[in-house]
Amino acid sequence: MMADESAELLHQFNRHRSEAAFRALVRCHSPLVYATALRRLSGDREAARDVMQEVFTLLARKATGLQVASLGGWLHRQTCRRASNHRRSEQRRKQRELASVQAMADSHSSAADHEAISGEIDEALLALPSSDRELLVQRFFGGQDFRAVGSSLGISEEAARKRVARALERLAAMLQRRGAVTAAGTLGPAMSAMGSTPVPEALVAQISSQAVSALPAAGWLTVAELVRPFLAGVALVCLTASGLLVLQARKTSPPPPAPASAATAPRSPGLTALLRSAEEGSMEDLIAEIKRTRSGPGHALTSLRLGAILDRIPLDRVPDFMELAGKKLTVDDRSACYKPLFTRWLESDPDAALDLLLTGRHSEHVDEGTSTYLLGNLFSEWAEKDLQKAEAWLARNWAHEGLDRFAYGGPSRDSFAMEVADTYMWRQSGKAAVDYIISLPSREAQEQCLEGLAGTRPYASAWMNVGADRLTELYRALANFPDARLAAVTKQQLWESLNRTEPDKAAQMIEALGPRERFEASLAKTGIYSQLKSITKGLGHARTLHSEEVDNSQAGPADSLAQGLAAGIPRQEVLTAIGTALLQKPELTAATVAWLEAYRDEIPMDELLIDRIGEFEAQDEMTTLRLAARLGDPGQRLQLSRAVFRRALASSNRLAPKNILDSPDLPADLRAEFQKLNEPQP
Amino acid sequence: MKRQTLKGTAFLLACLATAGLWHAFWPAPPAAVASPEAATPAPVKTTPDARALVAELAATQDKQQRMSIAARLLEIPVSEIPALLDSITVIEGHQLSLAAKTLLIRWASVDGRAAVAWAWPHLREKGFFPQAMAQIGPAWAWQNPRELAKWAGEQSITEGAQDPFGTISLEDTLASDSPLLNSEQFSRIAASIARDEPRLAFGLLIKARAYGNDDITASLQSVEQIREALLAFDNLEGLDYESQNFISGPERTAKALFRRWCELDRSSFEASAYSKLVTIPNHEKSMSKWAKWREAPAEDRLAGATALLATADEAARHETVGGLARDWAAKDPAGCRAWLETLPGELPAAGARYFMTAVAASDLAGAVDFSEDMPPAVRQNCLADAHRLWRAAHPEETVDTSGWSEPSVEAWEDLDALWQTTRR
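So the protein lines, in turn, are chains A and B.
1 is the number of the first residue of the first sequence in our numbering; add one for each residue after it.
1 is the number of the first residue of the second sequence in our numbering; add one for each residue after it.
In isolation and in its complexed conformation, chain B is listed as follows:
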């Protein structure tokens, strides 16, 4: 059947069926008396008495009651909020009143920009804008994280505002028509949108060179989120991942993201192109090997240590010897010393100071005896460690240095003379 025919049939059927229904249910003429429904006005929803609610909120400390009153306060139309905020006590003691916070939250849930535009001129001078932002930000982020990120991206960090403690001068503040945000506030905004908009959140962090973003990175729960966050970086390949900047900056932020990725799924990180940029040590794996060695019975320690040392690459061998010596000497100094003395080349020296640290406070003679076989530079440092540990544990004891080498006696006496100056 053609399309037009179908449509015509449908039209005719509808006409016939509807006419039949009208005929069947044609109403009788209306009664002269009005129906009860007509007599009773329909219930009209009224705006709560906002000022009364604000007063109630201020009058109670009971949290359940405060919740209930705040919930009613949330019902007032947004259009009434500015006037209401202008007429109530916004600041109570050292913080914004709950009523003010509630209204700002309500406002920001609908129009974050408008809430900020009210808060900045009204609260900046007394220093309460950050508190207002702490309410507006999360509420806005909840409602529209992209818009919040866009707004934050439009804000600039003035030189003074880069201070993480937020010491912005009154003069700068009053001169600025738009909010001055410090890096901490940027971080908070980023934290509030990180899970929904990782890329935008990390874009803000990079812009602000914000400090301490580990909790934001840790809030990302999937590799997809990490990948999205990495898109915020303009030039991941050009970052200096060996940088000693452990506090802030894009290289630190990127590295934190890579580490988080490895926590979530190391294999997908290693399969990605990013793994060529930076090496993220697999601490978990190595910790597990070490943990097994530590728990091994005494008779298996030597074999275990030999195996661990054999699997360590050349660069890590010194470090491995040091770690083994530290743990081993604490449990079995004689066994550890015997093992160290069997090691070739410079490896015994790599473990010497760890061995000293473990035994010096309790066995000075043994420690010094061990150090005598070390190269002179190592021996010197061993003695310095031994002196520090021994004196901390035995401040009054006289030390018998007979049998020590001359350089060792001289080192001990020097160090002891310096230590004596603290006891005056």
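Same shape as in the complex, but just chain A:
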């Protein structure tokens, strides 16, 4: 707010006791008062509010005689005085609230030097001539540019610049006399960093309301009673005299300035203050500015300013910043800073940015979510922009312990590899994706990548976003995968995903594929499977898919058998594939069990069962037991079943053994065996 606006508001308040005008004054100047009070009271927010109330109540009382040009300086002086009184007298201070609001509030942090200089600056300002103090307060605490400062003092911009410089020199000299050695050149940024603290509108309203309502106190009424007849006398004489004057002057004088209209009234000074340009300063100043900015409302303008502040950190000093931020910023503040900071770094030197994150130092300084996913998000962004370099970085750091951290459903390295494979699929081809997966050094990573391509991992989405042609090409590329079993499982998963969400694409693929692949596709619809039922259109491009379960245990195997035979595939191979597909289903239905029993002699049943039992870590005990119970070898059946029950007994789920024993389809002989294990005799 310009000085002339403050003048107009003061005028309106003095003249009409306008609470609206006073509130606008409080809104404009409270950031300066609040920041000063917080500094002087070591961040005690409650006390700072009390002081702010006192100062503005005083302003309401003294408004009549105040010079507008010195309002900022006056407020600063009064705040310092009242804060000092407060500190001396109050023992009732409430629990300290080291809010992130205050730049200088961290009295227990290692910012002791910086705090000390802030305190000294306030003290030295009080000792400066009032004209100098006013200049510095307007320029640095009020955030006014030189033109505005000059305008309020009736001097040119250049003159204002010189006077501010001289005032700064005097302040520096005064500080030196007090033993705080600092150069005039660094004082400006330091003072800007001390600056002002946004004050919520609710508090502004409360302060102004209380200040104005405090006016009609007992003393005021008494004076008012005397002033009223006095003013009446003045008015009577003035009225008479002015009538005479009008007659004499004939001409009217220029009209008085119109009251501020809706179009020109001061608007959202808090918001404007938020967008004040960021000043140069030390890393400490920067941290202080971040704290102040983050204390503002959490909308886009606050983020914009935070981004502008962070842009001032040279990339080679990011580690220093993190070091300092680790000590002085809250976890939330750090989390908010690191993402834009590293995103900027990623643009110029992704290797260095990710290397730093990989060291894990950042994880000590941010919350768990940010720590885990910051690296992942940046890697993903990098892969999007420059896949080859991101891939090379991952290969170079494959064994780094920093990539052991769990993210996106697996160790980071596997998840990052899935990101690369997904990007290949999305950007290049299914073959490129499969070739990349083949090149990976670990089977776990290969499995995760293939699951991603097949649509069973939530963080991989290429399969949904490419057309049927690309999916068909992926399907064919899987034929070259060295581990045929893994490739077969992936194919099944892909068909299941497509049946559930993209049946049209599945149909197009089937059209394009040969008889053998069609047989493979039919296996996904054997037994129980999910199919798309309906789609609800959401907002924007969003849609919600609803699927339903279909039990195709009866007709499915027969259909597949027919297709397989029609494709010229040997009967035993067809039956084995159907058996494998049925056993992969999460539930063994009665019809499935009947089919398996019917073809037991034609397929290597125990082998298929053992393969499936081998996945016991990923499924519940009862599912594994149902499989084990179907084994043809009695010794193996008993041994594996017992082992599953032993694991259930040792598991953290205390209900697991009971659930097994209560299961109605548990064979009697196994139940008896398990009872013995459940209550072992000495």
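No lab work stands behind these hints: they were computed from the structure.
Because the structure is a prediction, the values reported are computed rather than measured.
Pairs of lysine-lysine residues, derived as DSSO-like cross-links and limited to a Cα-Cα distance of at most 30 Å, are as follows:
no.	chain 1	residue 1	chain 2	residue 2
1	B	Lys63	A	Lys327
2	B	Lys63	A	Lys162
3	B	Lys207	A	Lys537
With chain A held as given, fit chain B onto it using these hints.
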């Protein structure tokens, strides 16, 4: 002197003094030529060219410049915002343009309801209303948190909107004249007002049964704020604090507030009536005792463990033995085993699996030997743990089971057979 006399004197004095002043400063007749002030019109503040500013904002990516332009955009009168929003590019790519955000922020700072009333019909269909609310909410909260809370309290959560992922159908959206908020949006609003209006904020959270409010609770910085937030609950006494609902619901929210209270000032919580409703464990205190024990020299471990066990109440003794065994066995398995074997009754069993977990991968024989003295049920579980840990570390090694008890050999062979199925 009487009141009326004083007033009369004041009136007369004023008349005399004013007349004297008029006489002294009576002006000369005005000159014929107009003064320079009269010739020069007073400077008139003009509204910035908003469209030009919007174009400038879209044209630059420099943050300082964007701030400066946005600051100028904030100067336009609120009355001009609706028309301006209707005439500019509000959506850029996948988000609202900065100009649109700035205008909504400006608008919400003055009249949040009006900003929402514009945003809902204009942005709902393309799914950008939540983004608009992310600007309007904080700006409104900053200006008038009570009014924002009141508005949010008037909104309802439809069944579809209770999905924390915000999957609201297009059909429901278009059919609704007022905004549909999901619980996440309620949480955001609550977060933006929590520090100023804790009671209203937590009232919203309870209404929305919102998830993951820990950061909102953590934002409360004083016991007074916590006490105020607790006023939002209708029936604190009737809540089930033993509920296993760890995700959402009033009992979880209330418990989080109590925990936060204890973090800020445990003694005032314990002195309050609330402490009778729920017990908030003093982890800090117990952690400190444990930390001291962990750092104690080897020769003091036994005495320290005995002291810790002696101070634990009956219900916590098993847990204490387990914790001590876990830490102790990792440092000194032999010492830990000797200690466990001196414990009475069922206490050695309470530490057995922790002991196994610490030693099995490196000393299977010692681990199995230890388990042989345990009750059969404990022995079984110890062997299951030992097998898992040993095989993870030694997948190829053959195990010599001679000297083991028959039940132990059988358990090992069962478990090993199952493990072998994973290696095909």
